[in-house]
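Q: Sequence:
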Amino acid sequence: MPIDVLHTLALIAVAAAVTFSLRFVPMLTVRAIATNPYVLAIGKMLPGGIMVILVVYSINHGEFHGAGGLLALAVALGSTIGLYLWRKNVLLALVAGVLIYGALTFG
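Here the sequence shown is numbered in full-length UniProt numbering, starting from 1 and rising by one per residue.
Please keep in mind that the hints were generated in silico from the structure rather than gathered at the bench.
Just so it is clear, the structure is predicted and the values come from calculations on it, not from any experiment.
C-beta: ideal position from N, C-alpha, C; glycine also.
Watch out, some of these pointers could steer you wrong.
Label-pair restraints from in silico Cβ distances [as the list claims (entries may be wrong)]:
#1 Gly43 with Ala13: 35 to 41 angstroms
#2 Thr105 with Gly43: 29 to 35 angstroms
#3 Leu92 with Leu28: 32 to 38 angstroms
#4 Arg87 with Val30: 25 to 31 angstroms
#5 Ile59 with Leu85: 17 to 23 angstroms
#6 Ala67 with Val30: 47 to 53 angstroms
#7 Gly48 with Ala13: 46 to 52 angstroms
#8 Pro2 with Val39: 32 to 38 angstroms
#9 Val98 with Met27: 31 to 37 angstroms
Input sequences plus hints: build the corresponding full structure.
A: Below is the structure:
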């Protein structure tokens, strides 16, 4: 089957147009979305909600062997909450909590 150059160029043009529009159209709506009061409220509540979900998941699915495991959990959880309240940085708090828990658990 011979390759039709015009057909190939048309396919490339359509693919380029779809790709460009999928990347460009969201840029047109950024200002409307960024000033939406619902989006702003969710942005303020989301870090705390993520922390709660991760803590509940960790406690429900963790394997805590003896008092040492519970103590490691308490220290890591306390440090994570303290770092978040101090620095207001979710990434810093989560990484530090995971590292502290790992250091205390796996030595």
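Q: Indicate whether the distance between the beta carbons of Leu92 and Leu28 respects the range 32 to 38 angstroms.
A: Cβ of Leu92 to Cβ of Leu28: about 34 angstroms, so the range 32 to 38 angstroms holds.
Q: Using the Cβ atoms, figure out if Arg87 sits within 25 to 31 angstroms of Val30.
A: Since Arg87 and Val30 have Cβ atoms about 27 angstroms apart, the given range 25 to 31 angstroms holds.
Q: Given the range 17 to 23 angstroms, decide if the beta-carbon distance of Ile59 to Leu85 lies inside it.
A: Holds, at about 19 angstroms.
Q: Hint says 47 to 53 angstroms; check whether the CB-CB distance for Ala67 and Val30 agrees.
A: 51 angstroms, holds
Q: Are Thr105 and Gly43 spaced within 29 to 35 angstroms by their CB atoms?
A: 33 angstroms, holds
Q: Just tell me: holds or violated, for the beta carbon distance of Gly43 and Ala13 against 35 to 41 angstroms?
A: 38 angstroms, holds
Q: Could you say whether the range 31 to 37 angstroms given as a hint is met by the Cβ separation of Val98 and Met27?
A: 35 angstroms, holds
Q: Could you check the hint for me, namely that Pro2 and Val39 are 32 to 38 angstroms apart, CB to CB?
A: 52 angstroms, violated
Q: Just to be sure I understand the hint, the distance between the Cβ atoms of Gly48 and Ala13 should be within 46 to 52 angstroms; is that true here?
A: 47 angstroms, holds
The earlier numbered hint that this structure contradicts is number 8, and it is the only one.
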